[in-house]
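Residue numbers (our numbering), protein chains in the order written: chain A, 22 to 251; chain B, 27 to 412.
Calculated from the structure, these hints are not laboratory results.
Backbone N, C-alpha and C fix where the C-beta goes; we use that ideal spot for every residue, glycine too.
Some hints could be false.
Said to hold, decoys possible - Pair ranges (Cβ atoms, derived):
id	chain 1	residue 1	chain 2	residue 2	range
1	A	92	B	305	24 to 34 Å
2	A	97	B	45	38 to 48 Å
3	B	305	A	239	50 to 60 Å
4	B	395	A	99	42 to 52 Å
5	A	162	B	314	15 to 25 Å
6	A	136	B	314	21 to 31 Å
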Amino acid sequence: MRRPVLDVRDLTKTYGEGEATVHALRGVSMTVERGDYVAIMGSSGSGKSTLMNILGALDVPTTGTYLLDGVDVSDLADRQLALARNRLIGFIFQAFNLIPRMSAAGNVELPLAYAGIKPDERRRRARAALDVVGLAERARHEPNQLSGGQQQRVAVARALVTEPALLLADEPTGNLDTRSTEDVLDVFDQLSAAGRTIVIITHEPEVGARAKRLIRLVDGRIVHDVRQRP
Amino acid sequence: MSLTFALRGLSANKLRSSLTMLGILIGVAAVILLVAVGNGSAKAISDRIEALGTNTITVMSAGRTGSALTTETAGALADPVLAPDVRSVSPVVSASATVTYEGADHEVSSFVGTTPGWFAASNTPVGRGAAFTTDDEAQGRRVVVLGPTVAEELFPGADPIDQQVTVGGALFTVIGVLAGKSSTGFQDANDTAVAPLTAVRQVLTGYGSLNSILVEASSPAQVDAVQSQVSTILGLSLDETQYRIQNASQLLETQTETADTFTTLLGAVAAISLLVGGIGITNIMLVTVTERTREIGIRKALGAPRRVILTQFMIEATLLSVLGGLLGVAAALIGSSFEIVGVRPVIVPSSVGLALGVSIAIGLFFGGLPAARAARLRPIDALRYE
Ligand SMILES: Nc1ncnc2c1ncn2[C@@H]1O[C@H](COP(=O)(O)OP(=O)(O)OP(=O)(O)O)[C@@H](O)[C@H]1O
Ligand SMILES: [Mg+2]
Chain A
22 MRRPVLDVRD LTKTYGEGEA TVHALRGVSM TVERGDYVAI MGSSGSGKST LMNILGALDV
82 PTTGTYLLDG VDVSDLADRQ LALARNRLIG FIFQAFNLIP RMSAAGNVEL PLAYAGIKPD
142 ERRRRARAAL DVVGLAERAR HEPNQLSGGQ QQRVAVARAL VTEPALLLAD EPTGNLDTRS
202 TEDVLDVFDQ LSAAGRTIVI ITHEPEVGAR AKRLIRLVDG RIVHDVRQRP
Chain B
27 MSLTFALRGL SANKLRSSLT MLGILIGVAA VILLVAVGNG SAKAISDRIE ALGTNTITVM
87 SAGRTGSALT TETAGALADP VLAPDVRSVS PVVSASATVT YEGADHEVSS FVGTTPGWFA
147 ASNTPVGRGA AFTTDDEAQG RRVVVLGPTV AEELFPGADP IDQQVTVGGA LFTVIGVLAG
207 KSSTGFQDAN DTAVAPLTAV RQVLTGYGSL NSILVEASSP AQVDAVQSQV STILGLSLDE
267 TQYRIQNASQ LLETQTETAD TFTTLLGAVA AISLLVGGIG ITNIMLVTVT ERTREIGIRK
327 ALGAPRRVIL TQFMIEATLL SVLGGLLGVA AALIGSSFEI VGVRPVIVPS SVGLALGVSI
387 AIGLFFGGLP AARAARLRPI DALRYE
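Working from the sequences, and respecting the hints, build out all of it.
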């Protein structure tokens with residue numbers, strides 16, 4: 022039997038203390054098999070980003086376990102975590118998180134640089150990734166010279182450039198027009214067809230409809246988990 | 027690889043990088059220069075006093091109504107019984123005078139009349155030609171030894187020796203030129219002329235009193251003994267208010283003390299400016315911590331290990347502070363080749379090391395510390411940092 026890529030059990034996450042305590046996650050359990058394409062939906066504040074940050078090994082749960090590729094993430098040292106974030110996971114932030122005063126190409130090249138890839142190869146692959154999101158001619162621009170949608174597409178390119186086995190996208194189409202949304206979703210479809218695992222958060226039903234599986238989150242709990250396609 | 031990251035980080039934030047470097051540069055340059063000025067003025071003072079000779083004392087008249095010093099007073103000091111440690115006694119008269127040669131004239135501020143022993147006692151050797159002799163002095167021969175400045179003014183490019191110059195209506199034969207003295211005082215020490223006492227009195231000053239008497243001790247250690255012997259002899263014929271004894275080595279001591287205080291004071295000012303510079307650097311570094319912490323969060327999320335991030339930011343801080351520090355040293359070296367408030371600065375090597383060390387330490391600490399802290403955070407906490 023193949024082990025799931027993602028396996029979370031009884032995840033809880035609380036922020037703050039005493040009166041101000043916020044229960045962002047109240048016991049989330051789910052597994053995601055290799056090659057699956059999962060969409061997570063839910064109202065604002067339902068804990069989607071919180072869950073995603075834990076899945077991306079960027080944050081730790083308050084209680085519960087998280088196995089990434091069968092390995093308990095809480096056991097990993099800084100080096101191994103860095104390696105997992107770099108080689109295994111492509112993360113698209115809701116807030117883009119591009120590095121200021123660094124060109125779009127520079128931002129896209131960064132994960133490759135940390136992977137120790139040679140400059141020539143880096144440039145070639147960054148250009149290709151920017152081409153995929155339709156921003157090849159904006160490669161020299163810095164984030165503050167790009168529109169919100171363009172910044173989001175740079176962030177998508179940066180997550181795709183390492184060809185990660187696991188793509189985690191927190192509202193990757195939130196700032197995009199229909200056409201750009203379509204372009205990005207096409208890329209996701211191709212990746213999915215190529216056997217990569219994708220987890221995407223979205224507010225838009227038509228984006229959720231393209232996924233193979235749809236999960237609904239309410240108040241930090243999974244209330245729906247339906248398979249839409251095999 | 028971290029080096030490329032660091033260079034890119036620096037060039038991406040040019041304004042911040044240059045402000046930080048400027049802060050360090052100014053701090054370092056100020057410390058080195060201020061200490062150099064203090065040191066330079068101390069050196070100037072001691073050079074000047076040493077040029078007077080440290081084994082001599084000078085008896086000067088102190089009375090308001092003309093000088094009480096006469097040639098007889100000077101003669102009385104050359105007493106092997108009462109003053110056994112005195113090697114030589116040189117009576118001195120001096121006046122300003124105009125020296126003329128073939129239509130060119132030059133105003134000499136100090137035209138000195140004295141005896142031949144004065145040259146050795148006052149540490150004023152003759153460069154070319156010869157000094158006058160005891161015989162010249164006894165005969166009142168009109169011969170003169172010119173200071174280098176005077177020789178240059180009156181005989182540009184020519185040999186003044188055996189030429190005749192006119193002083194106070196009388197002809198003097200030039201027999202020598204003094205060796206150049208490093209001019210550290212406010213006056214040009216080379217703008218002088220020396221002639222036999224008898225001749226100068228006859229032509230310029232008249233047979234009144236002396237300006238001063240230069241007494242040479244047999245060795246520097248005997249200066250204090252000589253001073254008391256001289257006081258005893260002078261006490262026989264003069265009132266204590268009529269003369270004043272100047273002791274070069276005492277003068278040197280008090281002046282050096284003053285200069286040391288001055289250097290310490292400037293050093294304190296410099297330390298404060300280094301501190302202010304340091305606070306400036308710290309400020310610039312801390313202001314950007316939020317932004318940098320977010321950046322570190324992004325880099326960690328993209329898979330940068332802690333060590334790589336630390337190395338990048340330490341290299342950035344090192345480059346900034348070392349470069350800024352070296353530029354500061356360069357600025358100080360350039361600045362020290364100019365006269366500052368009339369003083370030629372002399373760089374104190376330890377101040378260079380100190381200034382450089384302190385500023386590099388500040389840069390490293392405040393550049394490296396926030397980065398080290400941020401690199402330890404979880405990516406998401408670094409991203410949320412405010
Ligand atoms: N750092 C934090 N400190 C305190 N509370 C937090 C923090 N991050 C999130 N929360 C709270 O946790 C809850 C879940 O937040 P989360 O960001 O996961 O929501 P979300 O589902 O992504 O919402 P949206 O759709 O608006 O992005 C919210 O109530 C939020 O206020
Ligand atoms: Mg969210």
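Hint check:
1. 92/A - 305/B: 24 to 34 Å: violated, 48 Å
2. 97/A - 45/B: 38 to 48 Å: The hinted range 38 to 48 Å holds for residue 97/A and residue 45/B, with Cβ atoms some 40 Å apart.
3. 305/B - 239/A: 50 to 60 Å: Holds: the Cβ-Cβ distance is about 52 Å, inside 50 to 60 Å.
4. 395/B - 99/A: 42 to 52 Å: violated, 19 Å
5. 162/A - 314/B: 15 to 25 Å: holds, 23 Å
6. 136/A - 314/B: 21 to 31 Å: For residue 314/B against residue 136/A, whose Cβ atoms are near 27 Å apart, the range 21 to 31 Å holds.
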